Amino acid sequence: MEDPTWVDAMVEEYDSIVRNSAWEIVPRLEGKSVVGSRWIYKVKQEADGSVEKYRARFVAQGFSQIEGIDYEETFAPVARYYSIRMIPALSAQMGWYIHQMDVKTAFLNGVIEEEVYIE
Amino acid sequence: MYWLKQAPRAWYTRTDSYFIGLGFSKSEADPNLYQIVVEGKLLIIVLYVDDLILTGDELLILSCKDDLAKEFEMKDLGLLHYFLGLEIWQCNGGLFVSQGKYAQEILEKFNMHGCKPVDTPLPKGWRKEDATLGEEVDATIY
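Protein chains in written order, with this note's numbering: chain A, 1 to 119; chain B, 1001 to 1142.
Hints were generated in silico from the structure; no laboratory data involved.
Computed from a predicted structure; not experimentally measured.
Honestly, I wouldn't trust all of these hints.
Here are some chain A residues pointing at chain B (derived, C-beta under 7 Å) [what the hints assert, rightly or not]:
#1 Gly36
#2 Tyr54
#3 Ala56
#4 Val78
#5 Arg80
#6 Ser83
#7 Ala92
#8 Gln93
#9 Ile98
#10 Met101
#11 Val103
#12 Lys104
Cβ coordinates follow ideal geometry from the N, Cα and C atoms, glycine included.
With these hints in hand, go ahead and build the complete structure from the sequences.
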């Protein structure tokens, strides 16, 4: 992992984690389950197939978490497809423009109820 | 932290309280659809994990984008041009939609991107009895 493109992407991700106070370093505790972690690399593309961004994400290996012990409930914050289809239809009728934004580090925002240990 | 089981809910709770705090009302049919009326003007927001789609009164959209950028670390993508396989061109109050890239990706996935288009995608003289002679395929990929 010496390619400067990916090193830059990893530094950006690390800075985001620190800025969002996503974690703090603690000594390993007896009897607490610890979730593993790894880096994920992805080349994001534009609609025309050109490279938009090199993205490195530091992720938790959430598959080892057990419902009822490590977390209470899973959830996917996605809109229904007919809500999305309604937007262009309504905008065309009303003569509105449609804008888009994305959150760079959505899942570093928000407070998790449970304590989670990552290694 | 990405890929933690709690991360999506924590994010939703954060954005939901932000929008509700600003006075938005949430659709009963879709908890990711918000709307607000300010001085008779409408603003609609659709939330799709970390993507936000905004439409309605242009000035309301612009000021909402400013507010969002102050609250979250965000990237303004300007006018919507590609979302979930849907390509959108917006000009002069009109709108053109297409799924060209999505169709190309499906053709590539099934190694058919070099194929010629035909009106009826069946071989000449084909009878449905011929289908029983074919190999079994994994239907789940479709």
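Does the CB of alanine 92 of chain A sit less than 7 Å away from some CB of chain B?
At 4 Å from the nearest chain B Cβ, alanine 92 of chain A passes the 7 Å test, so the hint holds.
Next item in the hint list is methionine 101 of chain A. Is there a CB on chain B closer than 7 Å to its CB?
holds (5 Å)
Holds or violated: valine 103 of chain A as interface residue toward chain B, Cβ cutoff 7 Å?
holds (4 Å)
Status of the hint placing glycine 36 of chain A at chain B (closest C-beta pair under 7 Å):
Since chain B brings no Cβ nearer than about 10 Å to glycine 36 of chain A, farther than 7 Å, the hint is violated.
Given arginine 80 of chain A as an interface hint, is its Cβ closer than 7 Å to any Cβ of chain B?
Holds. Min distance 5 Å.
Restraint: alanine 56 of chain A near chain B, CB-CB cut 7 Å. Satisfied or not?
Constraint on alanine 56 of chain A not satisfied, violated at 11 Å.
Hint validation: isoleucine 98 of chain A versus chain B, beta carbon distance must be below 7 Å. Holds or violated?
Where the cut-off is 7 Å and the nearest Cβ of chain B is about 4 Å from isoleucine 98 of chain A, the hint holds.
Restraint: glutamine 93 of chain A near chain B, CB-CB cut 7 Å. Satisfied or not?
With a closest approach of 10 Å, the glutamine 93 of chain A hint is violated.
Hint check, valine 78 of chain A versus chain B [nearest Cβ-Cβ separation less than 7 Å]
For valine 78 of chain A, the interface hint holds, since the closest Cβ of chain B sits about 5 Å away, which is under 7 Å.
Status of the hint placing serine 83 of chain A at chain B (closest C-beta pair under 7 Å)
For serine 83 of chain A, the interface hint holds, since the closest Cβ of chain B sits about 5 Å away, which is under 7 Å.
Hint check: is the beta carbon of lysine 104 of chain A less than 7 Å from a beta carbon of chain B?
Hint holds; lysine 104 of chain A Cβ to chain B Cβ min 5 Å, cut 7 Å.
Against chain B, with CB atoms and a cut of 7 Å, does the hint on tyrosine 54 of chain A hold up?
At 15 Å from the nearest chain B Cβ, tyrosine 54 of chain A fails the 7 Å test, so the hint is violated.
The earlier numbered hints that this structure contradicts are 1, 2, 3 and 8.
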